[in-house]
Amino acid sequence: MNSEDFLRASLERGEACLAAADLEALVAGQGSPQAAEHLPRCAYCRGEVEVLRSFLEGVPTAEESSSVRRIEQNLRTSAAWKGDRRSTGPWAFLGRPRVGMAAAGLAAALAVGVFLNQPRPSAPEADTVDVVRSMDIVGIAPTGDLAEPPSAVRWSAVPGAVRYRVSLEEVDGTSIWRQTASSAELVLPAEARELMTDRKTLRWAVSAEDGESKTLATSTSLPFRFVRGSK
Amino acid sequence: MSSLTDEELVAKYLEAGRPAGTRYADELFQRHYGRVALWCFRLAGDREMATDLAQDVFVKAWAHLDHFRMDSRFSTWLYMIARNHCFNALRQKQRSKEDAMDRADIEDFPGTAAGFDRDLEQKELTGVAREIMAAELSPVEAKVMMLHFVEDVPLPAISRTLGLENASGAKAYVVSAKRKLKTALNRLALRSRRPSTGEGSTPDE
Ligand SMILES: [Zn+2]
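Residue numbers (our numbering), protein chains in the order written: chain S, 500 to 730; chain W, 84 to 288.
Pulled out of the complex, with its shape left as it was, chain W reads as follows (with noise of 0.2 Å):
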């Protein structure tokens, strides 16, 4: 059975079916224990939260293999699962707690700065802040910002997740991030008030 790839083992146990097919999910999953227990660690940061996250994800796992269907690898497909499984229990564990000083810091944030939402139609401006975070931002940049502001994963978490250093690893490149949008947002405002100007108006930071 070892020799089998996880697909090969996956199409065993869909045509054996339960309980009969079981003992390939159960090669299967064993596979995968150590890098489950790893990803649920670093997030977590403690072995207790860790072991009852990589419970769910695999009771998660085994409730859906029926469905299965091949488009991606079983590494990839298991991924997704321990991704929004842990996702999700962070941000309920975050919720009743401080995170919410993580983002006070956030505020000074230019989205709303006076005169420029009237510049822009604010789906623009949408628009235009994609583009922005996608051409300037660090790939670490942008890891944390997705995990962060998308997934609400707290910036220790992120740390532990990316092995950066320490917790203001994560926050260092919030910080610098933030800084290359706000930086183009002025930019791009300053432009589209005095379109007249030219290339040589651009002001400093």
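Isolated chain S (complex conformation) (with noise of 0.2 Å):
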């Protein structure tokens, strides 16, 4: 056995390993004494525990944010995840649009990937998947670190809307406050601001609607959290 392969036997996830109920509920601050108990002998739960937390409670720095925010907006206009793939094998991703491509300003590839091999009804009203459609809703602020609990939240107007319906949210997407507002900005009360203690992730999103009480466009949630002490 080499070295490599003893510090990976020594590591990896044995029988014993917490399920992924065990995990998120460790994050939680609420495992069970089963779990309680496995943590302390395994280097791998630990790190799982770790890496989940990542993942739930990951806020974007003030450097990430932009290219995150991007990477967001790619996903709402692409919706690649509705079954747009063509084909599958290996040529499986000629069939999509490669929104990365885009990104990165490829317009040739860009044209071949997503008008040549995707035939929409409408193609020239999107010249780049970057391109915010009308009926999207983006939330604005607040986000990421912040010095002071947020006093309000902002979001870019919908044509046609009446009416947004705010929500905050726990990391784990369980909604915690609600409001709704006649414009795109909502004065944050008391009560909601006390909802955001120190250090504690929490997300928002805004749907819009219309006289109908038809959805017309649901942001994606932001993540933010209130840190005492922060610039």
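Read the hints as simulated data drawn from the structure, not as lab findings.
Remember, it's a predicted structure, so these values are computed and weren't measured experimentally.
Virtual Cβ for every residue (Gly too), placed ideally from N, Cα, C.
Hints may contain errors.
[Said to hold, decoys possible] With beta-carbon atoms standing in for the labels, derived distance ranges:
#	chain 1	residue 1	chain 2	residue 2	range
1	S	P688	W	A218	45 to 51 Å
2	S	A640	W	T266	45 to 51 Å
3	W	Q177	S	N501	15 to 21 Å
4	S	R677	W	N171	37 to 43 Å
5	S	E536	W	H150	26 to 32 Å
6	S	E536	W	R274	24 to 30 Å
7	W	P102	S	E536	45 to 51 Å
8	W	A146	S	E536	32 to 38 Å
9	S	D504	W	R270	19 to 25 Å
10	W	G100	S	P688	38 to 44 Å
11	S	S565	W	Q177	23 to 29 Å
Reconstruct the complex from the two isolated chains, following the hints.
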């Protein structure tokens, strides 16, 4: 056994290792007695809990924000997951837009990848996949780490919307506070700000409705947290 | 729809089936775009690869959503998909690149140290090493070691994912973890060779 195999063997997942539900409970500070007993005896699970935490509670830094927003926008406009793949097998990627290439400005590749292989009813409306369609709604603020609990949330207005529904969520998506607004901003009352305790990551999202309560657009949820003493 | 939890959205989706239930999946996935985007960006280190990874994660989640059994939260289930997909992709990318250099300085590690293997069966040795790893490593060291040696994640990607200041950040944790393990194994080896010498014989590092 060489040294790398040895290291791997002493670190890898074992039979007694924790299931996903145990890991998420530990991240939430609610692990079962069995899980709590296993954890100090297993480097793999200790690592796994922390990596899951970084996924669930990660907040983009100021430097990361614009890139992350752009990736989100690309996900929203391409919605490749809905089954845009035309074929399977090694060449399947030719049949769906690789928006990463578009982001890098490869206009020619985009023309082949998006418009030839994926005929759309109204192709000219989107010269690049970074264009936000009119029915999208984009959260503007708050996001990232904040020195104080935010006083308001703001987003991009949606044409035809008469009402916006704003929700604050735990990192697992559980809604903890809701309010409606008639314009693209909502001043947060004390009861909402009190939910923003020091270093606790929350997310917020907004959806737009027309006069018949039909949802026109829903934003992605944006993470933020109040960190006492941050810049 | 925004008042429903993730798991309620999945239930509605499963009840309605495709294509009628697609709007529930749409809402569900939208909620997690930001989280997956950030995760992929930190692992990949560039926007282009991160966008492709994030797309792949949602393609897979959509393909397997019918098999989600609610035995964890949806966000954790999505994490498992993102984790496995991204680690695999990085592994493939890395295989053709320079990562071997990262590993070269691990070769002095004591797993095959002369004399030691004879004293302890390999299996027993691994068991002891597992205990030492768990007992001695700090939470950050455990994370770094698990990601690097079990999942083959390159050190710079680990540094970004865990918010360690720079590329030498993750490497420093590997070095300190190795040192701890080596010290503990040496101590143990000496003790097992001279069982009668008792407590006071622990060697200096
Ligand atoms: Zn374990």
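Taking the hints in turn, this is what the structure says about them:
1. P688(S) x A218(W): 45 to 51 Å: holds (49 Å)
2. A640(S) x T266(W): 45 to 51 Å: holds (50 Å)
3. Q177(W) x N501(S): 15 to 21 Å: At roughly 19 Å between Cβ atoms, N501(S) and Q177(W) fall inside 15 to 21 Å, so the hint holds.
4. R677(S) x N171(W): 37 to 43 Å: The hinted range 37 to 43 Å holds for R677(S) and N171(W), with Cβ atoms some 39 Å apart.
5. E536(S) x H150(W): 26 to 32 Å: This hint holds: roughly 31 Å between Cβ atoms.
6. E536(S) x R274(W): 24 to 30 Å: Given about 27 Å between the Cβ atoms, the range holds.
7. P102(W) x E536(S): 45 to 51 Å: Since the Cβ atoms of P102(W) and E536(S) sit about 47 Å apart, the hinted range of 45 to 51 Å holds.
8. A146(W) x E536(S): 32 to 38 Å: holds (37 Å)
9. D504(S) x R270(W): 19 to 25 Å: holds (22 Å)
10. G100(W) x P688(S): 38 to 44 Å: holds (41 Å)
11. S565(S) x Q177(W): 23 to 29 Å: Distance hint for S565(S), Q177(W) holds at roughly 27 Å.
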